[in-house]
Amino acid sequence: MRANRGRDTSPELQLRALLFAHGLRYRVSARPISELRRTADIVFPRARVAVFVDGCYWHGCPAHYRPSTKNSDFWATKIASNRLRDEDTNRALSEAGWTVVRCWEHEDPEIAAERVIDALGKSTPVTDR
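If you count the sequence shown from 1, you need to add 977 to reach this note's numbering.
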């Protein structure tokens, strides 16, 4: 499991490059709210937008998640708790006035970048994946 990166994954780097090319500046792997022990992949503090790039396996993507065949009980519980934590994070950030954008690792980076750019111009609580 140590080979799985917690930050600077390929989908994150692609999205960040596109956002940077659009002239946007952001913080990387930062806590949107210091007292909340959650780290967003990309944070726009002034606009109060937090972006999460979720891995299909680790966050239970409805399109691509395939349950593990080995130690399946452990992994089913782990993925379920990850999804609950994601929901809790969305709720906590929304209640604090943040806009949350969640992207899947399989999502086209151009489309994900447009969703982030749209969120920067709006003040909706949570955008759908």
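Keep in mind that the hints were calculated from the coordinates and are not lab data.
Beta carbons are placed, not taken as given, at the ideal position from N, Cα and C, and that holds for glycine.
Be aware that one or more of the hints could be misleading.
[As the list claims (entries may be wrong)] Here are the computed distance ranges between Cβ atoms for each label pair:
#1 Phe1051 - Gly983: 11 to 21 Å
#2 His999 - Ser1049: 16 to 26 Å
#3 Arg1043 - Arg1068: 22 to 32 Å
#4 Glu1012 - Ser1058: 13 to 23 Å
#5 Arg1023 - Glu1072: 17 to 27 Å
#6 Thr1046 - Ser1011: 36 to 46 Å
#7 Lys1055 - Arg1002: 15 to 25 Å
#8 Asp1095 - Arg1062: 23 to 33 Å
Which earlier hints can't be squared with this structure?
-> Violated hints (numbers, rising): 2 and 7; every other hint is consistent with the structure.
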